[in-house]
Amino acid sequence: MRVGRGLAVACATVTMAAVTAACGGDDGGSGGPEVKPSADSGQGPVKDGGTLVFGQVDGVTQLDPNKISSAAQTQLQTLLWSGLSKWAPDNSAKPDLADSWDHSPDFKKWTFHLHPGVKYHNGKAFTATEAKKNFDKVLAPNSTAQVAAKIAMVQAVSAPDPATLVVDLKTANPELPTDVIDVKMTDVDDIANVNKTANGTGPYKLKSFVPDQVVELARDDAYFGAKPHFDGIKIARYADATAAQTALRSGDLSVFGSVSPDVVKNLASDGRQLLTAAEPAAYVVWELDTKSAPFNNPKAREALSYAANRDAMMEAGYAGYGVSTPGNVVVNPKNKYYDQALPKHEFNLDKAKQLFAEAGVTDGAKLTFWTKAGSNQEWTTIAQILQEDLKKIGITLDIQSNENATWSAKFYPKGKQFPGMLAANYVSFTPLPDSYALSWFEGSQGTCECNWAAPKEYNDAVATIESTGDGPARDAAFKTAQQVLNKENPIIVLGSTAFLSVAQGNVRGAWVQAEGTLHLEEAGFAA
Amino acid sequence: MTRYVLRRLGASVLMLVLVSILIFVVLRLLPGDPTITKVGAAQGIDPRALAELRGELGLNDPIPVQYWHWVAGLFSGDLGRSYFSQFDVDVLIGQRIGPTLELSFAGLVLAVILALVLAVAPTVLRSKWLGRFVGGYTTLGMAAPPFVFGIVLIALFTVKLGIVGNKDYVAPTTDFFGNLAALALPAITLGICLSAPLIRYLRASLSEVEGSQHVRTAVGKGIRRRAVVLRHVLPNALLPALTSLGITVGAVLSGAVVVEYVFRWPGLGSLIVDSVYKRDYAVIQSTVLLLAAIFVLVNLIVDILYGVLDPRLRVGEVTTA
Chain A
1 MRVGRGLAVA CATVTMAAVT AACGGDDGGS GGPEVKPSAD SGQGPVKDGG TLVFGQVDGV
61 TQLDPNKISS AAQTQLQTLL WSGLSKWAPD NSAKPDLADS WDHSPDFKKW TFHLHPGVKY
121 HNGKAFTATE AKKNFDKVLA PNSTAQVAAK IAMVQAVSAP DPATLVVDLK TANPELPTDV
181 IDVKMTDVDD IANVNKTANG TGPYKLKSFV PDQVVELARD DAYFGAKPHF DGIKIARYAD
241 ATAAQTALRS GDLSVFGSVS PDVVKNLASD GRQLLTAAEP AAYVVWELDT KSAPFNNPKA
301 REALSYAANR DAMMEAGYAG YGVSTPGNVV VNPKNKYYDQ ALPKHEFNLD KAKQLFAEAG
361 VTDGAKLTFW TKAGSNQEWT TIAQILQEDL KKIGITLDIQ SNENATWSAK FYPKGKQFPG
421 MLAANYVSFT PLPDSYALSW FEGSQGTCEC NWAAPKEYND AVATIESTGD GPARDAAFKT
481 AQQVLNKENP IIVLGSTAFL SVAQGNVRGA WVQAEGTLHL EEAGFAA
Chain B
1001 MTRYVLRRLG ASVLMLVLVS ILIFVVLRLL PGDPTITKVG AAQGIDPRAL AELRGELGLN
1061 DPIPVQYWHW VAGLFSGDLG RSYFSQFDVD VLIGQRIGPT LELSFAGLVL AVILALVLAV
1121 APTVLRSKWL GRFVGGYTTL GMAAPPFVFG IVLIALFTVK LGIVGNKDYV APTTDFFGNL
1181 AALALPAITL GICLSAPLIR YLRASLSEVE GSQHVRTAVG KGIRRRAVVL RHVLPNALLP
1241 ALTSLGITVG AVLSGAVVVE YVFRWPGLGS LIVDSVYKRD YAVIQSTVLL LAAIFVLVNL
1301 IVDILYGVLD PRLRVGEVTT A
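Residue numbers (this note's numbering), protein chains in the order written: chain A, 1 to 527; chain B, 1001 to 1321.
Pulled out of the complex, with its shape left as it was, chain A reads as follows:
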């Protein structure tokens, strides 16, 4: 699931070698500090007690777990609430509220067996009926739950007994256990008070919440899983990164999430740990309106892809903590399903000029780069590189920076027209084999703001991916879908990013998932 836009997404973690490779260099990128794979890499026992203070520059605006307003909120998802399943560091789904699950041979009926005796933080029993209420709320026609798109194939949810939840699908989905992870369970009957109570079943319960300022959590001693280590967790919002950096240096902060790459080198020193991902699944992209000129012409899109000096852009914008994508797809080249045979989109201004000319974009043409003001400065850095390169082939790039609301309203949601414009953005997905990244572009179901009409070949491939379990047919379909994207260029993908968080040296057991969420639910301070 894409957790938010234009917001720093920390990378997940596996091994030192993998991370440093992902970051594009042996030293962690651009002479950066040693990159540790996770906060528990130091090993050693963990003690119970203490309060972890997590700082971020964006505030949490509301607490409905199925209506995420910003990436800042994702930090809470695994602390206050639980799903039927949850992420494991290897990107697989592991049991959470459901102890186990099974499916019909055609992947169209799934049965989840729930953990007994679970209660919401308000004391109410969590049963299959409660789970059904949450699914129904997420799937309601007027739902604005982001996760709804991932489980759109659900036809009906039933609760034959308090411990069994049955999910019937319209179309097969072999990856349903990962797709339901983000359906977080809260007391739907008391949803009006969710911002005062949160009412989840997670390891921590809500202590206090001041919107956009602070969220304080306290350990839930009745939690059904392993006992949480911290007495409490405080998620504090800082007005700017400088203030948060100061707090981290002074020890007031335990973890600073979403650190700008250019300051990581200094911050991740003095024993502090840099948290990052082996296979980041967040991508720096330019969204284009494929329904209006000039980007309704595939040649103009291809030209733009060749005009993008990806290596230079990722180096300048992300201080080396990112890796440029050789092909124009939203799949990390390290992913085993990445089609290594994809033609590379190497920087080639001559080819770009020729393709632009064939698309009618000639000398004196003007394009607009639409980016944010006040945040994501790296997008502007990247735009300036493109501006200089396009200038060499007679095209003017007008860089326009706008605050968040204006920026997003221009091209979001799907269906808006933004001719001649490159809208800078982040997209983050669960890594393949989850089909979500590819289904974003799919026919009438996809919600890519690029307004791209995917060809039948693409839609057929995604349908195969969505309905087929492991096997050659799905592997072939992955390749087909990537080849079509790489040829049609509905968006321009510059690279996958290694967003960063810095933790004090005494934090253990935190880890970052590929799409960006920093997991603190099993973390504690070193004994």
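Hints were generated in silico from the structure; no laboratory data involved.
Predicted model, so just to flag it, every value in this text is computed and none were measured.
Here a beta-carbon is modelled for each residue, glycine too, at the ideal position from N, C-alpha and C.
Be a bit skeptical, because a hint or two may be false.
[Stated by the list, open to error] No more than 16 Å apart at the CA atoms, straight line, and that leaves these computed lysine to aspartate or glutamate pairs for EDC-like:
1) A:K109 to A:D48
2) A:K487 to A:E457
3) A:K416 to B:D1046
4) A:K479 to A:E358
5) A:K132 to A:D168
6) A:K416 to B:D1033
7) A:K414 to B:D1046
8) A:K132 to A:D161
9) A:K124 to A:D190
10) A:K299 to A:E358
11) A:K265 to A:D221
12) A:K196 to A:D339
13) A:K392 to A:E457
14) A:K410 to B:D1033
15) A:K196 to B:D1088
16) A:K132 to A:E175
17) A:K414 to B:E1102
18) B:K1221 to B:E1210
19) A:K234 to B:D1168
20) A:K391 to A:D363
[To be verified] Footprint (simulated), chain B over chain A, 3 or more residues, beta carbon under 8 Å:
21) 138 to 144
22) 227 to 239
23) 268 to 281
24) 332 to 341
25) 411 to 420
26) 480 to 488
Starting from the structure of chain A, add chain B where the hints point.
Below, chain B without anything else, positioned relative to chain A:
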């Protein structure tokens, strides 16, 4: 006097009505859509769901209808509900107004003390150098925006010298000294910015009164300069400065918005800034109107006080009537 008060009161009400219309219309002219920021501009949202959300928030109604709903709500004590947190606006204001009032009060008191000392001292001491210093101080204080002072103070006292920590806000009822520690830098920042125009007004006023007949008489009688300034010049110079104090209250509120943001002070300022970024119309319009009401009220009080303290104003009213 009653007529004067009633006229000022009528003008204040009219001002608030105009402000409410202005806020309401300007907000809706801004580019951006609260429904999009509400769902985080994230993938997977059907445009039809967004349209439905707009309907739920009442944003599909014509602007005059939306305005009427808001104003009708105000009269029934309903300030609206945040599109995002779903908290009632009065609850959000209740969470934030205490810190704002505390910071504003501290900043204002500091500004008045600074203004009195820095405006009077060059006159009493007849020091050109001190006069130049105060002149430079006022120029800098009026030219530089509050956030510049805030960042400089943080960099100097917190990062460089480590004397004063950039502490989180803590309620005085919870930790009084912790509250004072957190208040120090934002209050100094606000105090510096507010004191500059006050000093300017006061110095001009002192200079004017200093040349008047009764002051020359006092000097001629051989009264010591310090006594002349403090007993004969300053009291008379304070009256015109009272007007500038009313305006300064407005500056307190607008200055606090920025200062709160820089220092992570959980007041109305940061609530407004965050709400503007998100286009949370319900919160912005009611909070800004509240601040406007405070500003208008303070100026009304100042006007009435002025009328009470300066008989010429009352005489003028009677004469023109």
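Okay, the hints, checked on the actual structure:
no., hint, result
1, A:K109 to A:D48, "violated (41 Å)"
2, A:K487 to A:E457, "holds (12 Å)"
3, A:K416 to B:D1046, "holds (13 Å)"
4, A:K479 to A:E358, "violated (28 Å)"
5, A:K132 to A:D168, "holds (12 Å)"
6, A:K416 to B:D1033, "holds (13 Å)"
7, A:K414 to B:D1046, "holds (8 Å)"
8, A:K132 to A:D161, "holds (11 Å)"
9, A:K124 to A:D190, "holds (11 Å)"
10, A:K299 to A:E358, "holds (7 Å)"
11, A:K265 to A:D221, "violated (38 Å)"
12, A:K196 to A:D339, "violated (47 Å)"
13, A:K392 to A:E457, "violated (37 Å)"
14, A:K410 to B:D1033, "holds (10 Å)"
15, A:K196 to B:D1088, "holds (12 Å)"
16, A:K132 to A:E175, "violated (19 Å)"
17, A:K414 to B:E1102, "violated (46 Å)"
18, B:K1221 to B:E1210, "holds (15 Å)"
19, A:K234 to B:D1168, "holds (12 Å)"
20, A:K391 to A:D363, "holds (9 Å)"
21, 138 to 144, "holds (count 4)"
22, 227 to 239, "holds (count 4)"
23, 268 to 281, "violated (count 0)"
24, 332 to 341, "violated (count 0)"
25, 411 to 420, "holds (count 4)"
26, 480 to 488, "violated (count 0)"
When the structure is compared with the earlier hints, violations turn up for hints 1, 4, 11, 12, 13, 16, 17, 23, 24 and 26 and for no others.
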